[in-house]
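So the sequences go chain by chain: H and P.
Residue numbers for the first sequence follow numbering that gives the first Met the number 0, beginning at 0 and rising by one.
Residue numbers for the second sequence follow numbering that gives the first Met the number 0, beginning at 0 and rising by one.
Among the clues, some could well be false.
It does not matter which identical chain is used: a pair holds within one copy or between any two.
Stated by the list, open to error - Mimicking DSS-like on lysine-lysine, the simulated pairs with C-alpha atoms at most 27 Å apart in a straight line are:
| id | residue 1 | residue 2 |
| --- | --- | --- |
| 1 | K117 | K73 |
| 2 | K117 | K106 |
| 3 | K35 | K141 |
| 4 | K207 | K73 |
No lab work stands behind these hints, which were simulated from the structure alone.
Here is how the chains run, residue by residue.
2 protein chains.
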Amino acid sequence: MRRIMLTVAYDGTAYNGWQVQPNGITIEGELNRALKELLGEDISVIGASRTDAGVHALCNMAVFDTESRILPEKIASALNARLPEDIRVQRSVEVAPDFHPRRCHTKKTYEYRIYMGKYENPIGRQYAHFVYVPLDVEKMEKAAGYLVGEHDFKSFCVAKAQVLTTVRTLYGIEVKKEGNYLTIRVSGSGFLFNMVRIIAGTLLEVGKGKLAPEQVKEILEAKDRQEAGPTAPARGLTLVSFEFCE
Amino acid sequence: MRRIMLTVAYDGTAYNGWQVQPNGITIEGELNRALKELLGEDISVIGASRTDAGVHALCNMAVFDTESRILPEKIASALNARLPEDIRVQRSVEVAPDFHPRRCHTKKTYEYRIYMGKYENPIGRQYAHFVYVPLDVEKMEKAAGYLVGEHDFKSFCVAKAQVLTTVRTLYGIEVKKEGNYLTIRVSGSGFLFNMVRIIAGTLLEVGKGKLAPEQVKEILEAKDRQEAGPTAPARGLTLVSFEFCE
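Bound conformation, chain H alone (with noise of 0.2 Å):
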């Protein structure tokens, strides 16, 4: 028995998200039947981001066990030609049977494109939040510097998230401008349900000035979803990276 472990892409515009579910096709579905197909071994892979409905990602983490004797290296390829064009494993090596992506220190990357204009872009739409009012971008900028660090982020979750702690820590937050998309970088150790998508949703209320920056840091105190912004949707969310750390 040997542990794989795969990078995946996918442009998740198409599916219910990662997670398997009754209703609708997944990432982890698609990803479970072409192993099905590849091994002829009924697989259930584990993934390290369970991504959202319509959340892309250039390198979500998965891993799953095999009896099979296929070359690791050559899962990759082999698993691309039977999955849909919208998935696309980048890199297949075996690792050490104890490994779980879950249960390891991790740096995780997410990117929130907004397009800003008067009329929507028709091209990349599926990769961005279009917004037609001017944002502040500075106001942003100073607003996400109140969220960097270890803070309990209760304010930026789901109202009902089954977690043992909304404590987490943000490595740093990044607004960056380029032409007319404006982009939310994002990197921490992990992150809860919606949590950048919040994160999103309340920095477009500073740029759109319905919010003062310093408000920013009473949401975080205020250990209360409701002060927050909406959640930003899915389709301007993508994980962008992903490291496993010592």
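Chain P: place on chain H using the hints.
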């Protein structure tokens, strides 16, 4: 009667090109339908660039005449409410009654985008041609240099093109690598049918080492479509800018 000019952006993935045809939906057909819904008149827009099936545009131009007294600048958003999300009018203005977008001096710029990697990137795959073999960018740049200026581009257009002359002027070609993307940016006064895609296909042959840069000069001189490289896939091509010159 007033003449209105539209600036139109579209994701061409789902369309059989710009021009109305008996089978399949087209950008022009969708614009005509939306204009009829909005203005109650039978309208046939005149497009500036009749892009091929699958080709994208940030700023194609179209004009039409209307009896309606709607404010010209209001037409863009009213049309967008009646168009599918992969077509978005960016601007609507009144122009002179004799203005014709194909009878003007223009500068058009197309970009042909290539994603280079071991495996395809599902994110943005609709807007890039995937190439997994390494490309020699310097050789592609050198080859591109031979195409700049006024030439007979007979080798770079479909063999049976019905045009008065195959002489065209290219103002410039730029080959630029950014991360895993290679962009071939071509500017000219006008282009023959499939010309940019055949240029891209030929430069790709140079990048792969199947043609020497100097051979591009010979291909031009041969005036024979058989001598040039294959027509690169439509998905990589986008009309990115359109200027009317005096």
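Please name the hints from earlier in the document that this structure breaks, with their numbers sorted from lowest to highest.
3
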